[in-house]
Amino acid sequence: MSIFVDGNSRVVVQGITGRDGSFHTRQMMAYGTRVVAGVTPGKGGRDFAGLDGRAVPVFDTVADAVAETGADCSVVYVPPAFAASAIMEAADAGVRFIVCVTEGIPVLDMTRAHALARDRGSRVLGPNCPGIICPGKTTLGIIPGRIVTPGPVGLISRSGTLTYEAVHHLTRAGLGQTTCVGIGGDPLIGTSFVDCLAAFAEDPDTEAVVLIGEIGGTAEQEAAEWVSANLDIPVVGFIAGRTAPPGTRMGHAGAIISGSSGTAAEKTKAFEENGIQVAKRPVEISGLIGEALGR
Amino acid sequence: MNLHEYQAKELFRAAGMAVNPGEVARDPGTVRALAEGYGGSAVVKAQVHSGGRGKAGGVKLARTPGQAEEHARSILGMTINGLVVHEVLVSPIESIASEAYVGVLVDREGQCPVFMVSAEGGVDIEEVAATNPDAIHRLRVDPRYGLLPHQAYGLATRLYGDPALARQGARIISQLYDVFVDNGASMAEINPLISTTEGQVKAIDAKVSIDDNELFRRAAIAALRDPASESPADVRAREAGLSFVKLDGSVGCCVNGAGLAMATMDLVKYYGGEPANFLDIGGSSNPDKVVAALEIITSDPGVRVILFNIFGGITRCDDVANGIVEAVRRIDIEVPLVIRLTGTNEELARKILAGAGLAAVASMDEVVQGAVRLAG
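Residue numbers (numbering that gives the first Met the number 0), protein chains in the order written: chain A, 0 to 294; chain B, 0 to 375.
Pulled out of the complex, with its shape left as it was, chain B reads as follows (with noise of 0.2 Å):
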């Protein structure tokens, strides 16, 4: 789950970090007061889920509170990678002497969180890794051990020359790791983390995601999620606990397993189609969830076809059949079903079908086969 910049500077705050100030506002009115109690000119920063935000016309300069308020107007309700602006963080406009890039992760190969610094921030930082890999200095930690004081120093001396400076960054790193532990989270940066011409360290844009794995314990992280970032197919797919992703085919897909999900949307690519999503329905075979699974793929437009892929292990070939009879039953469904069903208690599934009507392939290649020629 990805927080909005002003959400992870609150995180930032609570760990004692030096922040520049901010403020969000939803209407222009708003920005241009907070603009008026900054001494007149601020930043004003669209909050989307997205990169780029600059590049989009998203975060502008003010000189004036009415330009700020101009600026406001263009950027709230803008579109910035088909999310909509619903608010900005208007911040006060900071004399910098040098951006720098401070991030942590978690690191496959290693399997601990691993810190990023580089010298050269405010810029796209995977451009630096591919243009200039030797500026980025990266940290492994310990997980057991957490960030260690001389670690924190010695990164910081990887950004500043100055021991002055270095001393304030060894600090901000320190509790850059302390947010990313103590939130769960699964990446946090600082970019750009400035020093000011008066010689201050501070981090003046902010980026966490969070684990989604930890959000059942906790509450006030998972009570961050914006709910208008998301489409109401994903609140829906979430809520039934199902995997989804949306795509842009016809082919409707509903498969348990997310590598057979996988495997199933590119065979319909192989045999000429387009996939419309991804969606496991997972190792349980609720029908409940076969029937949620069928809302949300046919409350897409493009949809014509809806594919099932089953290979019944632990999933129950006959509870899948019975949750399609039971939607078919409770929704309105206008386009064909293709249905492919194999495994554990796969004879029963076939008479349950054929009692409402609906005929099941053995194949995953025929039932493929046959949804991409419904597909048109």
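Just chain A, same shape as in the assembly (with noise of 0.2 Å):
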């Protein structure tokens, strides 16, 4: 099984027709992913050519959308000004599942856009985010879907390529994934390492999980004490950022050791002493994650 989203997940793309937005429908289509709509204010009406001139209908607003296709989850490809008007309009629509693949959302518009989102009782994944890929079923945001098996790891990262650095040595092991999650790299994200977790927690395919964590924030440390508490399959993490300088943003917006607090060590002292087996070198999770699962 897959967390949050699988193969008949119905997917409006939100900015289908912008650049990356038409690219990245096409590598969905390609992988598998029921593309049904496209949203494009001013350009509804038209069709969207998607891979191998599959017809995507684009449609004026989300709630449009919603109505003639069924979509229930969607992918938000738009430029930072409007993203977080995006998620909201998407949640306004009824849409459960809302990846937001943008980075450089003001922070401010954010805390309106997750507290819209809260009432509407829509999850929303990011932003900053690389989406989430469910290997052999279906993919929405940006994750290559040639790195990915079929398997029984979950893996949970805030960053994009280092998710690819660890997928790559799972898959290269042997060791397939049920899901990946890209939980974002901003400050302000709508699932957290715990929500991840409580999903994976539900799904009997899943039998590790890889918890991929860097600096700023407390969120590694709330997951490794939710793992503590309640997930009795092997979990492996992993920090970035132990040589990062304090009080300076390395390049996500939410990766920041404020005073002393949300250093590496920190966040790997509370992964150990929630009996969780800390790489510390990408290449070694899969190593990890093969001793645990017996292989």
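The hints are simulated quantities; they were obtained by calculation from the structure and are not laboratory data.
Source: prediction; values computed, not measured.
Cβ atoms here follow ideal geometry from the backbone N, Cα and C, with glycine treated the same way.
Check the hints yourself; a few may be wrong.
[To be verified] Taking beta-carbon pairs under 10 Å as the criterion, some of the chain B residues facing chain A (in silico):
| no. | residue |
| --- | --- |
| 1 | 107 |
| 2 | 213 |
| 3 | 216 |
| 4 | 254 |
| 5 | 256 |
| 6 | 259 |
| 7 | 262 |
| 8 | 263 |
| 9 | 277 |
| 10 | 309 |
| 11 | 342 |
| 12 | 362 |
[As the list claims (entries may be wrong)] Where chain B lies over chain A, by a calculated footprint (3+ residues, C-beta under 8 Å):
| no. | stretch |
| --- | --- |
| 13 | 184–194 |
| 14 | 237–247 |
| 15 | 277–290 |
[As the list claims (entries may be wrong)] Once the Cα atoms are required to be at most 25 Å apart in a straight line, the calculated DSS-like pairs of lysine-lysine come out as:
| no. | chain 1 | residue 1 | chain 2 | residue 2 |
| --- | --- | --- | --- | --- |
| 16 | B | 245 | B | 268 |
| 17 | B | 268 | A | 279 |
| 18 | A | 268 | B | 268 |
| 19 | B | 245 | B | 288 |
| 20 | B | 54 | B | 201 |
| 21 | B | 288 | B | 350 |
| 22 | A | 279 | B | 245 |
| 23 | B | 206 | B | 59 |
| 24 | A | 268 | A | 279 |
With the hints as a guide, bring the two chains together.
Written out as structure tokens, the structure reads:
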């Protein structure tokens, strides 16, 4: 099984006619994602030429797209100035799962978007995230399909390319994945490590979990406590940013050590104290998972 | 983006807040004249993006105009945490009865703005948080309603028992929230917020950080950036759209993606080297970005080897390879390059590099070990 989405998820792409939106829509279709609609205000009524010329109807609003196609998930590729608004539009239209890939959204915009999504009962993944992929079933976002393979490992990460690095090693070691989730590098994200862990805990196919964290905030510490109290499958962790200086943002808006809080050492300690094995190098992750699964 | 104290105070005044007077000066003569205008005594404060200005000798009280000029002479040009002081803020001396702390920032956990207030102001608030956490009162603000009047008053009563002072405090707290929201701040702070012996509440210090993601729609705020507070490498990186942080080591790093870039630095350290920088070339693989990245890294005289770690997803390895070849042609690179490329269009990338006499390896550990060895 996969978490949050599966092969039946009906996806509307917000910003489908843009540069990134159109490219990744075709990539998603090539992987098998059921892209049922696109939204670009002002371009409603047209068709988007998807993979192999397969037409995807374009709507002016998400509400129209949902009414006409029954879309229940969305992927947001719109520019930062309009992305929070796009999330709120999707939540208002009843979309239950909203993936926001966009990086650079003003944080105060996101305080309102997250509040509204919570009120409407929608789950937001991201923003500033690579999305979610269920190997062999569906992908929403930008994670390259060819690096994953179906199997028993769940993976959760705040990063994009570091996720690819870890998944690549898992796949090469013959350790496939149930679902890989990139939760995003922003300070305010809609889906936390704990949300993903809780979903993996309900999934009988997920036999081990990889947690890839980084400096900034306390999400890894909370995840560690949750694992210790609730999860009885093995978890392997990795924390990026051991060499990051305090007070400086390391690329991701959320990757910053504030005062003495949010350091890699603190997070590593929280992992170890709660029974999570910590890989010192990305390449060690697959080995530790293999050992934990007895393979 | 951090604002200087005097810039933050301008935003406070524009919101109608009671702020102590003050003027910026860049030379000791002007400081003397300003002190004369304030009746002889004045406080002279260094304007740099650094905490601990007082401890570093960057804040001084003068009882006479001559003394103010003297202080200006010692403060202007001094270095605080690596930043040279080019400007001072000159203000009249206040008769302080109490000092409080008021700040608002974005709470990651609550996903909303949060106020922090303390009657123990005028000192490092992190220290208060560590030694006497009960002295700090917090209030989360629902971004959809904003800070409501009773909430502002409630916070103010934590600072002042006297209702007249609490009313003034509540007003300032509301105004601080307006400044925070209206300017796209990630943090706004008054430390200290004073009450004077005459019973007035006012801000005598100001600290505001703007969310960098807001700058595209706030030209007036973006124009407050002080180029003197940034190194040329930082300016170049920002203009090229690269995330860059200078460090002190000898292994220059050029990576795609922030998480992988941090993990690469960590691996350099793991194998006994020291990273010279954090640099994320981002998801796009525009060759110009690669050229800019190499220019920035090679401008650091401490760099003895440059390491590329590219995991191609959206980023196409052939684009990065073209950028590297282009950069090697355009700029004089005197240190060795070690390259790891894997993922999208990897084979094509290897051919492009081979055409320019460059080679690439496939694993991250291999490239980092090679770089550390070459850095000596």
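Here is what the structure says about each hint:
This hint holds: residue 107/B has a C-beta 5 Å from the nearest C-beta of chain A, less than the 10 Å allowed. Against a cut-off of 10 Å between C-beta atoms, the interface hint on residue 213/B holds, since the closest Cβ of chain A lies about 5 Å away. Hint status for residue 216/B: holds, given a least beta-carbon distance of 6 Å to chain A, under 10 Å. Residue-level restraint check for residue 254/B holds (minimum Cβ-Cβ distance to chain A is 8 Å; threshold 10 Å).
Because the closest C-beta pair between residue 256/B and chain A is about 3 Å apart, less than 10 Å, the hint holds. Below 10 Å, beta-carbon pairs count as interface contacts, and residue 259/B has one with chain A at about 4 Å; its hint therefore holds. Taking 10 Å as the C-beta contact cut-off toward chain A, the hint placing residue 262/B at the interface holds, the least distance being around 4 Å. Taking 10 Å as the C-beta cut-off, the interface hint given for residue 263/B holds, the closest approach to chain A being about 9 Å.
Because the smallest distance between the Cβ of residue 277/B and any Cβ of chain A comes to about 6 Å, under 10 Å, the interface hint for this residue holds. A hinted interface residue such as residue 309/B counts as satisfied when its beta carbon comes closer than 10 Å to some beta carbon of chain A; here the least separation is about 8 Å, so the hint holds. Here the hint on residue 342/B is kept, as its CB sits about 7 Å from the closest CB of chain A, short of 10 Å. Taking 10 Å as the C-beta cut-off, the interface hint given for residue 362/B holds, the closest approach to chain A being about 7 Å.
With a cut-off of 8 Å between beta carbons, the stretch 184–194 of chain A has 3 residues touching chain B; three or more are needed, and the interface restraint holds. Coverage of the stretch 237–247 of chain A by chain B holds in this model, with 8 residues showing a Cβ closer than 8 Å to a Cβ of that chain against a need of three. Under the rule that three or more residues need a Cβ within less than 8 Å of chain B, the assignment of the stretch 277–290 of chain A holds, with 4 such residues. For the hint linking residue 245/B to residue 268/B, the alpha-carbon distance of about 15 Å falls within 25 Å, and the restraint holds.
Restraint check: the Cα-Cα separation between residue 268/B and residue 279/A comes to about 11 Å, which is no more than 25 Å; the hinted pair holds. Among the hinted pairs, residue 268/A with residue 268/B is consistent with the structure: their alpha-carbon atoms are about 19 Å apart, no more than 25 Å. For the given pair, residue 245/B sits about 17 Å from residue 288/B by alpha-carbon distance, which is consistent with the 25 Å threshold. Straight-line distance between C-alpha atoms of residue 54/B and residue 201/B comes to about 23 Å, which keeps the hinted pair within the 25 Å bound.
Under the criterion of a C-alpha separation no larger than 25 Å, the hint pairing residue 288/B with residue 350/B is consistent with the structure, at around 21 Å. This hinted pair checks out: residue 279/A and residue 245/B have alpha carbons roughly 24 Å apart, not beyond 25 Å. With a CA separation close to 18 Å, the supplied pair residue 206/B and residue 59/B stays within the 25 Å bound. Taken as a hint, the residue 268/A and residue 279/A pair is honoured in the structure, with Cα atoms around 13 Å apart against an allowance of 25 Å.
Consistency note: the structure conflicts with none of the earlier hints.
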